[in-house]
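Colleague: The primary structure of each chain is shown beneath.
2 protein chains.
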Amino acid sequence: MAKPGLLVVLSGPSGVGKGTVCKALLEKDPQLVLSVSKTTRKPRPGEKEGLNYYFVSKEEFEEAILAQDFLEYAEVYGHYYGTPRQKVEKMLQQGRNVILEIDPQGALQVMKAYPQGVFIFLLPPSAADLRSRIILRGTEDQESLQKRLAAAAQEVAQAEKYNYVVVNDRIEAACERIYAIIQAEMLKVSRNKELLQAFAKEVGG
Amino acid sequence: MAKPGLLVVLSGPSGVGKGTVCKALLEKDPQLVLSVSKTTRKPRPGEKEGLNYYFVSKEEFEEAILAQDFLEYAEVYGHYYGTPRQKVEKMLQQGRNVILEIDPQGALQVMKAYPQGVFIFLLPPSAADLRSRIILRGTEDQESLQKRLAAAAQEVAQAEKYNYVVVNDRIEAACERIYAIIQAEMLKVSRNKELLQAFAKEVGG
Numbered sequence: 006m007a008k009p010g011l012l013v014v015l016s017g018p019s020g021v022g023k024g025t026v027c028k029a030l031l032e033k034d035p036q037l038v039l040s041v042s043k044t045t046r047k048p049r050p051g052e053k054e055g056l057n058y059y060f061v062s063k064e065e066f067e068e069a070i071l072a073q074d075f076l077e078y079a080e081v082y083g084h085y086y087g088t089p090r091q092k093v094e095k096m097l098q099q100g101r102n103v104i105l106e107i108d109p110q111g112a113l114q115v116m117k118a119y120p121q122g123v124f125i126f127l128l129p130p131s132a133a134d135l136r137s138r139i140i141l142r143g144t145e146d147q148e149s150l151q152k153r154l155a156a157a158a159q160e161v162a163q164a165e166k167y168n169y170v171v172v173n174d175r176i177e178a179a180c181e182r183i184y185a186i187i188q189a190e191m192l193k194v195s196r197n198k199e200l201l202q203a204f205a206k207e208v209g210g
Numbered sequence: 006m007a008k009p010g011l012l013v014v015l016s017g018p019s020g021v022g023k024g025t026v027c028k029a030l031l032e033k034d035p036q037l038v039l040s041v042s043k044t045t046r047k048p049r050p051g052e053k054e055g056l057n058y059y060f061v062s063k064e065e066f067e068e069a070i071l072a073q074d075f076l077e078y079a080e081v082y083g084h085y086y087g088t089p090r091q092k093v094e095k096m097l098q099q100g101r102n103v104i105l106e107i108d109p110q111g112a113l114q115v116m117k118a119y120p121q122g123v124f125i126f127l128l129p130p131s132a133a134d135l136r137s138r139i140i141l142r143g144t145e146d147q148e149s150l151q152k153r154l155a156a157a158a159q160e161v162a163q164a165e166k167y168n169y170v171v172v173n174d175r176i177e178a179a180c181e182r183i184y185a186i187i188q189a190e191m192l193k194v195s196r197n198k199e200l201l202q203a204f205a206k207e208v209g210g
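Chains U and W, in that order, give the protein sequences. My numbering puts the first residue of the first sequence at 6, with every later residue one more than the last. My numbering puts the first residue of the second sequence at 6, with every later residue one more than the last.
Among these hints, one or two may not hold up.
Note that identical chains are pooled: a pair holds if it fits in a single copy or bridges any two copies.
[Claimed, not checked] List time: in silico DSBU-like cross-link candidates among lysine-lysine, alpha-carbon distance up to 30 angstroms: (1) 92 <-> 193; (2) 206 <-> 43; (3) 23 <-> 206; (4) 152 <-> 95; (5) 206 <-> 63.
Just so you know, the hints here were simulated from the structure itself, not pulled from any lab data.
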């Protein structure tokens with residue numbers, strides 16, 4: 006049996022560049038495979054079944070919820086989005102490293118469902134950068150702006166629940182750091198006990 | 006105050022190539038500094054004070070033992086060898102990453118004295134390789150050969166106490182893996198809590 010792969014969860018505040026970093030990482034690391042989400046929304050022009058999403062009916066999605074076949078899911082503007090558990094677990098069992106690129110709410114759900122995952126929080130280069138991004142995106146309604154800032158601050162505060170924090174100052178540098186994390190995680194003794202036991206036995210025997 | 010550095014402990018069976026890998030790593034990673042041991046043996050031709058060892062008297066060494074100024078020490082063929090605690094801790098406080106290249110007995114002592122260190126066990130490419138190395142080095146006395154093999158097997162069995170296991174199949178590859186481990190360890194959330202707290206406060210405030 007192959008050694009099980011790593012589940013790598015890449016998250017961080019909205020707009021930090023998770024998608025761009027994830028894409029660069031998939032190009033750099035051929036051992037890594039992206040988990041494709043299921044959604045009930047309609048495909049947009051150019052989106053392909055099984056590449057961008059698995060497009061399913063609301064009924065099918067809700068059956069999968071009841072069957073606990075999501076590592077995490079959410080409803081956003083009336084559409085469901087979720088990470089299919091069985092597909093991910095099958096790839097992990099085959100020894101593939103699987104990456105999820107999801108928002109912090111989803112990441113917290115995955116921590117509960119799969120605590121042995123590798124949880125990486127992507128930070129913008131500075132707090133000022135994150136603030137100005139939120140301000141630029143926001144409406145002119147002062148109250149909702151304060152809410153957005155408070156929500157972002159809370160997301161960053163919850164980064165303490167993750168295993169690693171990576172600053173996205175440059176895509177290439179962030180990508181290198183995440184690649185190093187994946188390499189290091191594969192070298193952990195806890196993931197190589199069988200190798201060590203077989204080795205000790207063979208030397209001694 | 007600088008963020009404290011990492012104490013990286015590189016160990017493994019005798020002859021696995023710890024010294025060669027360590028030297029290559031120091032060339033690759035300018036942030037890394039080698040801990041220089043104290044010894045009571047005389048300098049060999051070409052050895053330099055403070056570079057290869059700190060050469061001290063038996064009295065000075067024994068005073069340092071009593072003052073608990075060793076992270077680990079051992080007596081080998083009538084000479085003391087030890088890792089000076091204060092020098093290492095000073096470099097760590099200055100934010101330097103410090104590497105110790107020591108035998109498994111020493112590494113186990115450091116685990117007790119400094120459990121927050123990063124413990125890496127270097128393995129030969131195969132058990133057969135380790136066996137044949139021991140056999141080639143051994144005498145023809147069958148009994149002592151069995152003892153050596155049993156000791157090596159026990160050292161490998163104790164590798165489970167380390168954090169990481171790295172196979173030294175090629176020096177360059179082993180060096181890359183250890184470099185990745187150091188990069189990843191520096192990105193751990195547990196080592197970046199102040200950054201995250203300051204960040205969350207600045208975004209929210």
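Colleague: It remains to establish, for every hint, whether it holds in the given structure.
Modeller: To see whether the hints hold, each was checked on the structure:
1. In this assembly of identical chains, the alpha carbons of residue 92 and residue 193 lie at most 30 angstroms apart whether taken from the same copy (25 angstroms) or from different copies (29 angstroms).
2. For a Cα distance limit of 30 angstroms, the shortest separation of residue 206 from residue 43 qualifies neither inside one copy, at 46 angstroms, nor across copies, at 35 angstroms.
3. Taking CA atoms no more than 30 angstroms apart as the test, residue 23 paired with residue 206 passes between copies only; the shortest distance there is 22 angstroms, against 44 angstroms inside one copy.
4. For the homomeric pair residue 152 and residue 95, neither the shortest alpha-carbon distance inside one copy (40 angstroms) nor that between copies (45 angstroms) is at most 30 angstroms.
5. Within a single copy, residue 206 and residue 63 get their C-alpha atoms no closer than 54 angstroms, and across copies no closer than 40 angstroms, so neither meets the 30 angstroms cut-off.
Of the numbered hints given earlier, the model fails hints 2, 4, 5; all others are met.
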